[in-house]
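Chains A and B are the protein sequences, given in the same order. If you read the first sequence in the working numbering, its first letter stands for residue 1, the second for the next number, and so on. If you read the second sequence in the working numbering, its first letter stands for residue 1, the second for the next number, and so on.
Hints are not guaranteed to be accurate.
[Claimed, not checked] For lysine-lysine, the following DSS-like pairs were computed, each having C-alpha atoms within a straight-line distance of at most 27 angstroms:
| # | chain 1 | residue 1 | chain 2 | residue 2 |
| --- | --- | --- | --- | --- |
| 1 | A | K150 | A | K76 |
| 2 | A | K150 | A | K120 |
| 3 | A | K76 | B | K26 |
| 4 | B | K37 | B | K26 |
| 5 | B | K37 | A | K307 |
| 6 | A | K120 | A | K203 |
| 7 | B | K192 | A | K76 |
| 8 | A | K203 | B | K26 |
| 9 | A | K203 | A | K244 |
| 10 | B | K26 | A | K120 |
| 11 | B | K192 | B | K37 |
| 12 | B | K37 | A | K150 |
To be clear, the hints were calculated from the coordinates, so they are not data collected in a lab. On a predicted model such as this, the values are computed, not experimentally measured, just so you know.
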Amino acid sequence: MPDSVAFVKEMAVTGNGRAPMRQPAIAVRGLVKRFGELEAVRGVEFEVETGEVFGFLGPNGAGKTTTINMLCTLAKPTAGSAEVAGHDIVRERDDVRRNIGLVFQDPTLDAYLTAAQNLKLHAELYGVQSDLVRPRMQQVLTMVGLWDRKDSPVGTFSGGMRRRLEIARGLMHSPRVLFLDEPTIGLDPQTRRSIWTYIDELKEREEITIFMTTHYMDEAEWCDRIAIMDHGEIVALDEPETLKAQVGTDRVTIHTDDNAAAIAALADRFGITARISEGAVTFGVPGGEEFVPRLFAEWDPARPPIKSVNVSRPTLDDVFMSYTGTTIRDAEEDQAHHRNRAMMQMMHGSRR
Amino acid sequence: MSTTAGRPEATTLHPPTPVVRVSVPKRSVGSELRAIKIVWQRELIRFRSDRIRIVTSLVQPLLFLFVLGAGLQRLSSAGTHGVALKTFIYPGILCIAVMFTAMFSAASIVWDREFGFLREMMVAPVRRSSIVIGKCLGGATVAGFQGVLVISLAGLVHVPYDPLLIAGIFVLQLALAFSITAFGVMIAVRIKQMQSFMGVMQMVIMPMFFISGALFPAVGLPRWLEILNRIDPLTYAVDPMRRIVFAHLTISPAARRALDPGITWWGWHVPALVEAGVIIALGLVMLGIAIWEFSTTE
Chain A
1 MPDSVAFVKE
11 MAVTGNGRAP
21 MRQPAIAVRG
31 LVKRFGELEA
41 VRGVEFEVET
51 GEVFGFLGPN
61 GAGKTTTINM
71 LCTLAKPTAG
81 SAEVAGHDIV
91 RERDDVRRNI
101 GLVFQDPTLD
111 AYLTAAQNLK
121 LHAELYGVQS
131 DLVRPRMQQV
141 LTMVGLWDRK
151 DSPVGTFSGG
161 MRRRLEIARG
171 LMHSPRVLFL
181 DEPTIGLDPQ
191 TRRSIWTYID
201 ELKEREEITI
211 FMTTHYMDEA
221 EWCDRIAIMD
231 HGEIVALDEP
241 ETLKAQVGTD
251 RVTIHTDDNA
261 AAIAALADRF
271 GITARISEGA
281 VTFGVPGGEE
291 FVPRLFAEWD
301 PARPPIKSVN
311 VSRPTLDDVF
321 MSYTGTTIRD
331 AEEDQAHHRN
341 RAMMQMMHGS
351 RR
Chain B
1 MSTTAGRPEA
11 TTLHPPTPVV
21 RVSVPKRSVG
31 SELRAIKIVW
41 QRELIRFRSD
51 RIRIVTSLVQ
61 PLLFLFVLGA
71 GLQRLSSAGT
81 HGVALKTFIY
91 PGILCIAVMF
101 TAMFSAASIV
111 WDREFGFLRE
121 MMVAPVRRSS
131 IVIGKCLGGA
141 TVAGFQGVLV
151 ISLAGLVHVP
161 YDPLLIAGIF
171 VLQLALAFSI
181 TAFGVMIAVR
191 IKQMQSFMGV
201 MQMVIMPMFF
211 ISGALFPAVG
221 LPRWLEILNR
231 IDPLTYAVDP
241 MRRIVFAHLT
251 ISPAARRALD
261 PGITWWGWHV
271 PALVEAGVII
281 ALGLVMLGIA
291 IWEFSTTE
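The task is simple: from the sequences and hints, build the whole structure.
In structure tokens, the structure reads:
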């Protein structure tokens, strides 16, 4: 049966049993964004399938927000093109806007208005049929657990409640693609978890594609696919499990009193390049559990003794490390310096 | 929701509500008008919920009117031909009261930028110009309301409550408020910080007010001041305002000549309608610049 053959083929392509897809929700080709000298996004290229939860991962300043801004038509690309929900982001800006929902990193609610007024304003701005505004509002507010608070001014809401309300607002006009820019940043673990519950619920109940950025590695694991971005480029793109499998090593972390000596010992004796991360010596080896007995058996007694050992399976952090050579946290510190310098230059440059 | 017999509903964290799918229509003139209305409406809601602002933006004009007016009365009585100083500066106060409020409305663009609300508007499927127009209309409406408060004080400064007088003042106030909001928005698009915006405004508004002839008749001035006075746009709001007010006062011809001399361009007596036209034209030009600036920022 030719139909089922095609279906099986599709399955093979999408890999994890999702329904066959027609048109990608997002298609990006050679997207570039320059701010003067600074090349924030350097020709990225990827596709997001309809119905997918796609994670965009990378340290602050890697170009994630700039990419999102271009896809949302808030910024014009310097070069390249992209289609969102089947519409070109430059030529069909309004059509893109009608079909996307956005939750920004910074709060954009009107604190003077009540939750319901904020959503109503949004629905009106998008021209949602007035008889559907209330039922839709009830649906999205119930989902984020704020229906009983709909008449309270947003000014009285906690940070977590505001973020939830913002997600509800982004969904008011039934967007086909929902962009979430760091939706869980700065939230307590409980709210973070509930936001993921909504994302799962949405995936289940509405035909929606979710494109999110995050720099929480543990959250990225829950995405269908992730793209790792660093210095304006996509360095890896696949399902989290596949990416982790590609690393091929386990992470071993040892605590000693003299990290420098321990690193030297590892290099001398085992030929391992280790580094210091968060005050401990860490390195990757294939078969970490088998390596530990060897480590102790062959450890030079003249070296500072090992106080504790920890072996873990590769995480996305290791994936990030294997592609960029640093952990996401270190990259962030580095980037912060980099960005501050770039900002200073830009400000001086624009001052007349 | 109805449950079928014998099948209890599953208990979840929140009972699932039916999915309501809505669709967003293509952009049209209607959607732009709706956007203008929304921005305008939001301006009113904000004004209403910010009672402190209603009071604070009235303090300065009222100080000028009653403290300066009463305090300088004795000094000035020789030159005012029996007209109270309060009455003389009242038209100027009518102008500055709406100016402050309009300015605050424009300031909220900077505020909104800082707090992100503007971004929500900027990704909506509407033109940027609709946002700017809505903003300016909102600023004018809110300032008009403030203007009514000052108009209601007319009796205290010996100005009669004449319907024509009130209507004339009100229309002029709306025109002025619209232009000032447009001016403020034009500046606000360029400035990202509240403090700097307020600084710039202070630097522009106060000199404009002092030079405009709100506090003195624009006649027999030193040459340099006369030139500045004729350049100052506010002059063309204060002067027609004063003409309207003075037209409804019963005062001596000498007092009228001294206090309401009108504005001349190279000896030509500029009619009130032309003056009002200057204000509106300037407002439209600044609106155009504001829209252009707003559409080109990212």
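Consistency of the hints with the structure:
no.	hint	in the structure
1	A:K150 / A:K76	violated (36 angstroms)
2	A:K150 / A:K120	holds (11 angstroms)
3	A:K76 / B:K26	holds (22 angstroms)
4	B:K37 / B:K26	holds (18 angstroms)
5	B:K37 / A:K307	violated (68 angstroms)
6	A:K120 / A:K203	holds (24 angstroms)
7	B:K192 / A:K76	holds (20 angstroms)
8	A:K203 / B:K26	holds (26 angstroms)
9	A:K203 / A:K244	holds (24 angstroms)
10	B:K26 / A:K120	holds (19 angstroms)
11	B:K192 / B:K37	holds (25 angstroms)
12	B:K37 / A:K150	holds (23 angstroms)
When the structure is compared with the earlier hints, violations turn up for hints 1, 5 and for no others.
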